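*Asks:* Input sequences plus hints: build the corresponding full structure.
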Amino acid sequence: LGELNASLSCLGARLHIRQWEECEAVVYDDLTGDTHVVDALAVEILRVIERGALPNVESLVTVFRQEFAEESDSEVATRVRRTLEGLMGIGLVVNCPL
Amino acid sequence: LKLGDLHPAELMGRLRRGDLLIEMPPFAVRLQSDVKHVVRDLPAMYGEFRILPPDKFADFHIQVLRERGLRRWFRPRARFQFDGHPAFAPLAAAQAFAMVEWGLNWCVAAHAHQYLVIHAAVVEKGGQAVLLPAPPGSGKSTLCAGLVHRGWRLLTDELALIDMQTGLVHGMARPVNLKNRSIELIRAFAPDAVLTPPVPDTQKGTVALMQPPRASVLRVSEPARPAWVVLPKYQAGSQALLVDHSRARAFLLMAEQSFNYDIHGVRGFDAMSALMDRCQSLHFTYSDLNDAVQVFENLAAGG
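So the protein lines, in turn, are chains A and B.
Quick note: the first sequence uses the numbering used here, first residue 1, plus one each step.
Quick note: the second sequence uses the numbering used here, first residue 1, plus one each step.
These aren't lab readings, by the way, just hints derived from the structure by calculation.
Since this is a predicted model, take the numbers as computed values, not measurements.
All residues carry an ideal CB built from backbone N, CA and C; glycine is no exception.
It is possible that some hints are incorrect.
Listed next, the in silico SDA-like pairs over lysine to any residue satisfying Cα-Cα at most 25 Å (straight line) [what the hints assert, rightly or not]:
(1) K233/B / R65/A
(2) K233/B / E22/A
(3) K233/B / W20/A
(4) K125/B / L195/B
(5) K233/B / V37/A
(6) K233/B / E24/A
(7) K56/B / W106/B
(8) K179/B / R225/B
(9) K233/B / H36/A
Just a few of them, taken from the derived set where beta-carbon distance is under 10 Å, the chain B residues facing chain A [unchecked claim]:
(10) D201
(11) L241
(12) D244
(13) S246
(14) R247
(15) A248
(16) R249
(17) F259
(18) D262
(19) G268
(20) D270
(21) M272
(22) M276
*Replies:* See the structure below:
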């Protein structure tokens, strides 16, 4: 993934998220018109990124370390990185050089 | 005046002149045809529908006309036209009535963007509607046909029209499309069902249309409030089983099965979200129609 330099200007204005009482949500990307189903962690990652630019992946992992306290740091990192890769693959997160 | 009240000669005359205006709420359709199969099947399938004076406004002007030329004596074909322009490749004349139905579906799906149009059957009981979105082969039409012969109101077999302001669903109470094995299945399940003669060798196999119940046609102008989205799946040998299903997944399937979700942009997303807010999302597998109907009865009764 390298350095993640995602900023609000890339994401905040164009994602519409709808989640019900379940582990999945729908996300509408009004830049592409695509709708995606993502899991609960992906939703949280999108919301964290929406709140403000993060300097790198590690800072994102740190945010979720407490959420997954029973898992090792490396497991949390792997989980977050995989989810982030998925989000980048469908264009919901972009790597924006600052 | 109902279409079924017209004397056959009067019906034929109106059809040939293009003076037959059928009210199919929320639309009106002007139909012109010189194909005998259309003249034969129309009263059986649309007999309970109101006809309008020929000078009234029509949303869709459709024609299904015989192809000219020498070929017509050997292999007669018919062509569908919309607003006077050919819309599809011609088909065998025996498929002409099915072509009316398919063409009309296309007219609505391609033009009625005041609605969110979803490829789904809709039936209603007690003021609550079940939406049955599904790709071909899921048994949607068979299930729909079975339910409307056990007291459920038919809104539509093909096109759910979601009013994006009110969230209510409209249907046109048009005939139900049956294909291949489901034709015999419905004949056995509902011996009183009125079907067109089966037409073999279409792109969808053998097809027949089933007359909509009179009670459904009488209430065709009444929309219904969606309460359930049920994803049906016919599976040979399976028990009738209704289980909770991810709303997000159902949302995506409904979007995929919509003809104009993409056109509406974020408005479509909001309308679909509002629809899913109101509905319980369920997945349904079945193989026996009687069992399936019982499960839906329990659902409507709150069980």
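*Asks:* All hints are to be evaluated individually against the structure, with a verdict given for each.
*Replies:* Right, here's what the structure says about each hint:
Note on K233/B and R65/A: the hinted pairing is violated, with a Cα-Cα distance of about 41 Å set against a maximum of 25 Å. Taking the CA atoms of K233/B and E22/A, the gap is about 22 Å. The hint holds against a cut of 25 Å. In summary, the hint linking K233/B to W20/A is supported, as the alpha carbons are separated by about 24 Å, within the 25 Å threshold. Distance hint between K125/B and L195/B is fulfilled; the C-alpha atoms sit about 24 Å from each other, no more than 25 Å.
Taking the CA atoms of K233/B and V37/A, the gap is about 21 Å. The hint holds against a cut of 25 Å. Proximity of K233/B to E24/A is assessed by CA-CA distance (about 22 Å); at most 25 Å being required, the pair is judged to hold. For the hint pairing K56/B with W106/B, the CA-to-CA distance comes to about 22 Å; that is within 25 Å, so the pair holds. At most 25 Å may separate the alpha-carbon atoms for a hinted pair to count; K179/B and R225/B exceed this at roughly 29 Å.
Proposed proximity of K233/B and H36/A is supported: the alpha carbons are some 23 Å apart, at most 25 Å. Taking 10 Å as the C-beta contact cut-off toward chain A, the hint placing D201/B at the interface is violated, the least distance being around 38 Å. Evaluation of the L241/B hint against chain A yields a violated restraint, the C-beta minimum of about 19 Å exceeding 10 Å. A least Cβ separation of about 9 Å between D244/B and chain A falls short of the 10 Å threshold, and the interface hint therefore holds.
Among the interface hints, the one on S246/B holds; its C-beta lies about 5 Å from the nearest C-beta in chain A, closer than the 10 Å criterion. A hinted interface residue such as R247/B counts as satisfied when its beta carbon comes closer than 10 Å to some beta carbon of chain A; here the least separation is about 5 Å, so the hint holds. The criterion of a C-beta within 10 Å of any C-beta in chain A is met by A248/B, whose closest approach is roughly 4 Å, and the hint holds. The criterion of a C-beta within 10 Å of any C-beta in chain A is met by R249/B, whose closest approach is roughly 6 Å, and the hint holds.
Against a cut-off of 10 Å between C-beta atoms, the interface hint on F259/B is violated, since the closest Cβ of chain A lies about 15 Å away. This hint holds: D262/B has a C-beta 6 Å from the nearest C-beta of chain A, less than the 10 Å allowed. The interface hint given for G268/B is met, as the beta carbon of that residue sits about 9 Å from the closest beta carbon of chain A, less than 10 Å. Evaluation of the D270/B hint against chain A yields a held restraint, the C-beta minimum of about 8 Å falling below 10 Å.
At a threshold of 10 Å, the smallest CB-CB gap from M272/B to chain A is about 8 Å, leaving the interface hint in force. Hint on M276/B holds. Least Cβ distance to chain A is approximately 7 Å, under the 10 Å limit.
Consistency note: the structure conflicts with the earlier hints numbered 1, 8, 10, 11 and 17.
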